[in-house]
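Peer 1: Fit chain B to the known structure of chain A by using the hints.
2 protein chains.
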Amino acid sequence: MSTKYKVSGMTCGGCARSVTNAITAKDGQAKVEVDLAAGTVAVDGSLSADAVKDAVEGAGFDFDGVAAAA
Amino acid sequence: MSTKYKVSGMTCGGCARSVTNAITAKDGQAKVEVDLAAGTVAVDGSLSADAVKDAVEGAGFDFDGVAAAA
Numbered sequence: 001m002s003t004k005y006k007v008s009g010m011t012c013g014g015c016a017r018s019v020t021n022a023i024t025a026k027d028g029q030a031k032v033e034v035d036l037a038a039g040t041v042a043v044d045g046s047l048s049a050d051a052v053k054d055a056v057e058g059a060g061f062d063f064d065g066v067a068a069a070a
Numbered sequence: 101m102s103t104k105y106k107v108s109g110m111t112c113g114g115c116a117r118s119v120t121n122a123i124t125a126k127d128g129q130a131k132v133e134v135d136l137a138a139g140t141v142a143v144d145g146s147l148s149a150d151a152v153k154d155a156v157e158g159a160g161f162d163f164d165g166v167a168a169a170a
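First to last, the sequence lines map onto chains A and B.
Each step along the first sequence adds one to the number in this note's numbering, with nothing skipped, and position 15 is 15.
Count along the second sequence from 1, add 100, and you get the number used in this note's numbering.
Next comes chain A alone, as it looks inside the complex (with noise of 0.2 Å):
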């Protein structure tokens, strides 16, 4: 299951990259994709939202809820 969230403060791709990595340290088989354009974070797995928002949160952006599932 992908679900996407709303994540602000991303602004190049060592964010994303930094986002990215506090959510796979969780769930090292979660797939994820950030669109920087949208400041949404996308993913696949078996990740709770508050785990992803743990994640975010202490990579340091802001989470910001679901945007949508996908």
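Take these hints with a grain of salt, some might be off.
[Unchecked claim] Cβ-Cβ distance ranges computed for the label pairs, FRET-style:
#1 B:V166 <-> A:A51: 32 to 38 Å
#2 A:G13 <-> B:K106: 32 to 38 Å
#3 B:L136 <-> A:S46: 33 to 39 Å
#4 A:D64 <-> B:G165: 34 to 40 Å
#5 A:D35 <-> B:S146: 25 to 31 Å
#6 A:D50 <-> B:K131: 26 to 32 Å
#7 B:A168 <-> A:Q29: 26 to 32 Å
#8 B:A138 <-> A:G65: 25 to 31 Å
#9 B:V166 <-> A:V66: 20 to 26 Å
#10 A:T11 <-> B:D150: 25 to 31 Å
#11 B:K131 <-> A:D54: 37 to 43 Å
#12 B:K106 <-> A:T11: 19 to 25 Å
[As the list claims (entries may be wrong)] If the Cβ cut is set under 7 Å, some of the chain A residues that face chain B in the computed set are:
#13 M10
#14 T11
#15 C12
#16 G14
#17 R17
#18 N21
#19 T24
#20 G28
#21 G60
No wet-lab data here; the hints were simulated from the structure.
Backbone N, C-alpha and C define an ideal beta-carbon position, used for all residues, glycine too.
Peer 2: Relative to the frame of chain A, chain B by itself:
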């Protein structure tokens, strides 16, 4: 004691915040100063270079060793 490390891949304030958070997650007392232009991270605290390396790499950036004791 403050030590300055070379870190590459940081290009914006989001990257700087991400690296800072990754380091302070390991030591909440650490003081971290990122210089984006220089590509350095100064860490004042008790963390070993290996711990800083783990934090930086875990956040998705490249740790290039000690730049200087500050």
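Peer 1: Hint by hint, note whether the structure agrees.
Peer 2: Taking the hints in turn, this is what the structure says about them:
1. In this structure, V166 (chain B) and A51 (chain A) meet the distance hint of 32 to 38 Å, their C-beta atoms being roughly 34 Å apart.
2. A beta carbon spacing of about 19 Å between G13 (chain A) and K106 (chain B) contradicts the range 32 to 38 Å that was offered as a hint.
3. Judged by the Cβ atoms, the range 33 to 39 Å given for L136 (chain B) and S46 (chain A) holds: they are separated by roughly 35 Å.
4. For the hinted restraint 34 to 40 Å between D64 (chain A) and G165 (chain B), the CB-CB distance of approximately 37 Å keeps it satisfied.
5. In this structure the hint that D35 (chain A) and S146 (chain B) lie 25 to 31 Å apart at CB is violated, the actual value being about 39 Å.
6. The beta-carbon spacing between D50 (chain A) and K131 (chain B), approximately 30 Å, falls within the hinted interval of 26 to 32 Å.
7. In this structure the supplied range 26 to 32 Å is violated for A168 (chain B) paired with Q29 (chain A), their Cβ-Cβ distance being about 40 Å.
8. For A138 (chain B) paired with G65 (chain A), a C-beta distance near 36 Å fails the hint of 25 to 31 Å.
9. For V166 (chain B) paired with V66 (chain A), a C-beta distance near 42 Å fails the hint of 20 to 26 Å.
10. Distance hint for T11 (chain A) and D150 (chain B): a CB-CB separation of about 30 Å, consistent with the stated range 25 to 31 Å.
11. For the hinted restraint 37 to 43 Å between K131 (chain B) and D54 (chain A), the CB-CB distance of approximately 24 Å leaves it violated.
12. Under the hint 19 to 25 Å, the C-beta atoms of K106 (chain B) and T11 (chain A), about 22 Å apart, fit the expected range.
13. At about 6 Å, the closest approach between the beta carbon of M10 (chain A) and any beta carbon in chain B falls short of 7 Å, and the interface hint on this residue holds.
14. Given the 7 Å rule on beta carbons, the hint for T11 (chain A) holds: about 5 Å separates it from the nearest Cβ of chain B.
15. A cut of 7 Å between beta carbons decides the hint on C12 (chain A): the least distance to chain B is about 5 Å, and the hint holds.
16. For G14 (chain A), the interface hint holds, the least distance from its beta-carbon to any beta-carbon of chain B being 4 Å, beneath 7 Å.
17. Given the 7 Å rule on beta carbons, the hint for R17 (chain A) holds: about 4 Å separates it from the nearest Cβ of chain B.
18. For N21 (chain A), the interface hint holds, since its Cβ comes within 7 Å of a Cβ in chain B; the closest pair sits about 4 Å apart.
19. This hint is violated: T24 (chain A) has a C-beta 10 Å from the nearest C-beta of chain B, more than the 7 Å allowed.
20. At about 13 Å, the closest approach between the beta carbon of G28 (chain A) and any beta carbon in chain B exceeds 7 Å, and the interface hint on this residue is violated.
21. Among the interface hints, the one on G60 (chain A) holds; its C-beta lies about 4 Å from the nearest C-beta in chain B, closer than the 7 Å criterion.
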